[in-house]
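J.: Starting from the structure of chain A, add chain B where the hints point.
Protein chains in written order, with our numbering: chain A, 1 to 399; chain B, 1 to 399.
Just so you know, these hints were derived from the structure itself, not from any lab.
Fair warning: there could be bad hints in the mix.
The list makes no distinction among identical chains, and a pair is therefore deemed to hold if it is satisfied within one copy or across any two copies.
Claimed, not checked - Dumping the calculated DSS-like pairs for lysine-lysine here, alpha-carbon to alpha-carbon at most 30 Å:
#1 Lys162 <-> Lys180
#2 Lys264 <-> Lys105
#3 Lys180 <-> Lys264
#4 Lys378 <-> Lys224
#5 Lys114 <-> Lys3
#6 Lys264 <-> Lys162
#7 Lys175 <-> Lys224
#8 Lys348 <-> Lys180
#9 Lys348 <-> Lys264
#10 Lys210 <-> Lys105
There are 2 protein chains.
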Amino acid sequence: MIKAAVLGYGTVGSGIVSVIENNADVIREHGVDMSVKYILDLRDFPGDPFEDRIVHDFEQILADDEVKIICEAMGGIEPAFTFSKRAMEAGKSVCTSNKELVAAKGAELMKTAKENNVNYLFEASVGGGIPILRTLNDALTADRIESIDGILNGTTNYILTKMEQEGADFDAVLKEAQEKGYAERNPEADIEGYDACRKTAILVSLISHKSANWEDIRTEGITKISPVDFEYAHVLGRTIKLICSLWKTENGYGAIVSPRMIDKDNPINCAQGVFNAILVHSDMLDDSLYYGRGAGRFPTASAVVGDAVELARHIGEHFSAGWSDEAVEFESPDNMTFNYLVRISGDKSTLKETVFRNADIVDAGIEGETAFLTGDMKEGVFLSEYENLPNRISYIRLG
Amino acid sequence: MIKAAVLGYGTVGSGIVSVIENNADVIREHGVDMSVKYILDLRDFPGDPFEDRIVHDFEQILADDEVKIICEAMGGIEPAFTFSKRAMEAGKSVCTSNKELVAAKGAELMKTAKENNVNYLFEASVGGGIPILRTLNDALTADRIESIDGILNGTTNYILTKMEQEGADFDAVLKEAQEKGYAERNPEADIEGYDACRKTAILVSLISHKSANWEDIRTEGITKISPVDFEYAHVLGRTIKLICSLWKTENGYGAIVSPRMIDKDNPINCAQGVFNAILVHSDMLDDSLYYGRGAGRFPTASAVVGDAVELARHIGEHFSAGWSDEAVEFESPDNMTFNYLVRISGDKSTLKETVFRNADIVDAGIEGETAFLTGDMKEGVFLSEYENLPNRISYIRLG
Numbered sequence: 001m002i003k004a005a006v007l008g009y010g011t012v013g014s015g016i017v018s019v020i021e022n023n024a025d026v027i028r029e030h031g032v033d034m035s036v037k038y039i040l041d042l043r044d045f046p047g048d049p050f051e052d053r054i055v056h057d058f059e060q061i062l063a064d065d066e067v068k069i070i071c072e073a074m075g076g077i078e079p080a081f082t083f084s085k086r087a088m089e090a091g092k093s094v095c096t097s098n099k100e101l102v103a104a105k106g107a108e109l110m111k112t113a114k115e116n117n118v119n120y121l122f123e124a125s126v127g128g129g130i131p132i133l134r135t136l137n138d139a140l141t142a143d144r145i146e147s148i149d150g151i152l153n154g155t156t157n158y159i160l161t162k163m164e165q166e167g168a169d170f171d172a173v174l175k176e177a178q179e180k181g182y183a184e185r186n187p188e189a190d191i192e193g194y195d196a197c198r199k200t201a202i203l204v205s206l207i208s209h210k211s212a213n214w215e216d217i218r219t220e221g222i223t224k225i226s227p228v229d230f231e232y233a234h235v236l237g238r239t240i241k242l243i244c245s246l247w248k249t250e251n252g253y254g255a256i257v258s259p260r261m262i263d264k265d266n267p268i269n270c271a272q273g274v275f276n277a278i279l280v281h282s283d284m285l286d287d288s289l290y291y292g293r294g295a296g297r298f299p300t301a302s303a304v305v306g307d308a309v310e311l312a313r314h315i316g317e318h319f320s321a322g323w324s325d326e327a328v329e330f331e332s333p334d335n336m337t338f339n340y341l342v343r344i345s346g347d348k349s350t351l352k353e354t355v356f357r358n359a360d361i362v363d364a365g366i367e368g369e370t371a372f373l374t375g376d377m378k379e380g381v382f383l384s385e386y387e388n389l390p391n392r393i394s395y396i397r398l399g
Numbered sequence: 001m002i003k004a005a006v007l008g009y010g011t012v013g014s015g016i017v018s019v020i021e022n023n024a025d026v027i028r029e030h031g032v033d034m035s036v037k038y039i040l041d042l043r044d045f046p047g048d049p050f051e052d053r054i055v056h057d058f059e060q061i062l063a064d065d066e067v068k069i070i071c072e073a074m075g076g077i078e079p080a081f082t083f084s085k086r087a088m089e090a091g092k093s094v095c096t097s098n099k100e101l102v103a104a105k106g107a108e109l110m111k112t113a114k115e116n117n118v119n120y121l122f123e124a125s126v127g128g129g130i131p132i133l134r135t136l137n138d139a140l141t142a143d144r145i146e147s148i149d150g151i152l153n154g155t156t157n158y159i160l161t162k163m164e165q166e167g168a169d170f171d172a173v174l175k176e177a178q179e180k181g182y183a184e185r186n187p188e189a190d191i192e193g194y195d196a197c198r199k200t201a202i203l204v205s206l207i208s209h210k211s212a213n214w215e216d217i218r219t220e221g222i223t224k225i226s227p228v229d230f231e232y233a234h235v236l237g238r239t240i241k242l243i244c245s246l247w248k249t250e251n252g253y254g255a256i257v258s259p260r261m262i263d264k265d266n267p268i269n270c271a272q273g274v275f276n277a278i279l280v281h282s283d284m285l286d287d288s289l290y291y292g293r294g295a296g297r298f299p300t301a302s303a304v305v306g307d308a309v310e311l312a313r314h315i316g317e318h319f320s321a322g323w324s325d326e327a328v329e330f331e332s333p334d335n336m337t338f339n340y341l342v343r344i345s346g347d348k349s350t351l352k353e354t355v356f357r358n359a360d361i362v363d364a365g366i367e368g369e370t371a372f373l374t375g376d377m378k379e380g381v382f383l384s385e386y387e388n389l390p391n392r393i394s395y396i397r398l399g
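With the rest of the complex left out, here is chain A:
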């Protein structure tokens, strides 16, 4: 019987305890006998079915050699970082759903795992319950990963899906999402794209085996998307999604997180509402796609416990992939090439004096404005030309 400890008894932590205990028979069919010995939390939980396993002192867990696996569900950098590092130094393997920690301190924790012949897994940090990291590490091992496009944030995908279906304003849908618990009271990390960006950085690190600094990735949120944008999308047979893109370049990687107008029949568009989807392009398999719930108590717990099972199968053997602290070389965002849909106020006559004078006009019947499509343009060139448009309203990338 493998003994695990769960750090943090909030939404995800309590989900993890529930999955390990209630699905113990399923886990046993996969060759692992596991139970939770400790739950670390500052609070008491009188009346909770696992009340007797609650402890308040991490040292008690650390000192117990029977505990081989730690499921970290505290969130944030500290004390999660220190606890994870000390646990591995004490010979315990760690799995986590903590994307903030993995994005910030992943390389160091993976090094600690290797030095101590234990493992550090973090499937739940990207795409929630979707087994995308496992797939990249263990299944597509004969494929050169050329690019990944992902819908990696359920909150923004819920908002964009609602805006499309109901023609509603961003602010109204955000408010509704907050009321339903799909968006935080402070929604900045989601709606500004920071959460999606961290996950993108984790994916770049994983496939490059180097550390991607998430602050190096150009990131735009969805706060400026309006119902009018969806009207143009509709005319073009497209929809709008917050897309995380990364691709291999000659010397490193390109990456961007931004709203994009994508074809309606792009398979990634199967992700509606809070669902996530990840489209991987590799040289042998071509396109493959992975879809599921990117957040939520049980989907996240499912991924953490899936990791715990993998850790249990490899006790005494370091196997987990990792990345070094060498920095990923990112292509300059200004060198990335896109097509853009641009909206300006007034009619098209104002384009005469600009590089956009021959652009294709898109007519969605919107009064008082003109929209056009650019051809392929380097982002740096586009942005400087766009800034020169006196009557500019907005732009959005296609593809």
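T.: Okay, now just chain B, sitting in the frame of chain A:
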């Protein structure tokens, strides 16, 4: 350096050799150094870049202790079965794309693997390059798999996609698919659903850990689907796909392979043309979906070599999951419950004397016939009532 042998130098076999040799650097990044020492084929391949590795005698491979991994790409039951079994008895692990062999002799080969402390993997046998077996064995290990719906045959999905897009007849599209190489000259195994059924049996075996006999699964092909059926689907906001369904019942499993009218916005409908998609419903993760190329030289080879990498990581250790030769208990097909769309010739007055007299009529503007939807019905009850309709044209299951 791990030495592998590839059995069969046809489409898949040559793809496997190419992936191992050309992506050796990628495989090395995943911790495995591998090369192909032998290629077994009856033919010679003068001028082939790997001509020097061709051998005609399996005994030569068997006797070489340096060869630890066998990639079987011969197809068919014999001699693939005997070669795989003897290879494992000689201490070599085996991976394969041979669904016919896995469906027929899987339990025995897995037992041989276990007895000889080697492994038998067959990712490519279901969904081609889609890592669905890996996901079920290694990622969703904390989840109770409740049901799976799959589009598992690229040929039929190509035909149905074309029929929908072009309003074309089955026969015309089949002919075109044969000309393009998407359908075999003898297409029976695909269009009658037998290939999809074998893959369904493998999935049932994998998740039940028992042997599913594919002949126990009710299977209907797509040969009777007509453009008129797509007109009804269109009116209902649906499309038609060949769906492989399996689900846990109280004492065993239910399974059926048949054309189904599914909602257009069902995520599984992201699989257009030759693509496959597999929708897994499990108790913790809820819905997750896996999409990609279900066939083809390099996608299939990618999956086989992914297995070979996994075998290389576990030399000297039996880890591969398997199923026993105990038979899966299948629910009687007649007890399965569906809704049906039924087409009859003439007007609805002929329904008056039948159990369908209050059914919802579906009007697609087709002259000379009437279509209606049933409520939930046990399949056995439905089929006997359907057989009593003197003016019946066809039926199709919904959902």
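J.: Take the hints in turn and mark each one as holding or not.
T.: Going through the hints against the structure:
Proximity of Lys162 and Lys180 under a CA criterion of 30 Å is satisfied intra-copy only: 13 Å inside one chain copy versus 41 Å between copies. In the homo-oligomer, the alpha carbons of Lys264 and Lys105 never lie at most 30 Å apart, since the shortest distance is 38 Å inside one protomer and 43 Å across protomers. In the homo-oligomer, the alpha carbons of Lys180 and Lys264 lie at most 30 Å apart both inside one protomer (27 Å) and across protomers (27 Å), since each shortest distance falls under that limit. Proximity of Lys378 and Lys224 under a CA criterion of 30 Å is satisfied intra-copy only: 22 Å inside one chain copy versus 52 Å between copies.
Within a single copy, Lys114 and Lys3 get their C-alpha atoms as close as 21 Å, and across copies as close as 27 Å, so both meet the 30 Å cut-off. Within a single copy, Lys264 and Lys162 get their C-alpha atoms as close as 15 Å, and across copies as close as 18 Å, so both meet the 30 Å cut-off. For a Cα distance limit of 30 Å, the shortest separation of Lys175 from Lys224 inside one copy, 15 Å, qualifies, whereas the shortest one across copies, 50 Å, does not. In this assembly of identical chains, Lys348 and Lys180 lie within 30 Å of each other by CA distance neither inside one copy nor across copies; the values are 42 Å within and 46 Å between.
For the identical chains of this complex, Lys348 and Lys264 are intra-copy neighbours only, at 27 Å inside a copy versus 38 Å across copies, given an alpha-carbon limit of 30 Å. Proximity of Lys210 and Lys105 under a CA criterion of 30 Å is satisfied intra-copy only: 12 Å inside one chain copy versus 44 Å between copies.
Hint check: violations occur at hints 2, 8; the rest are consistent with the structure.
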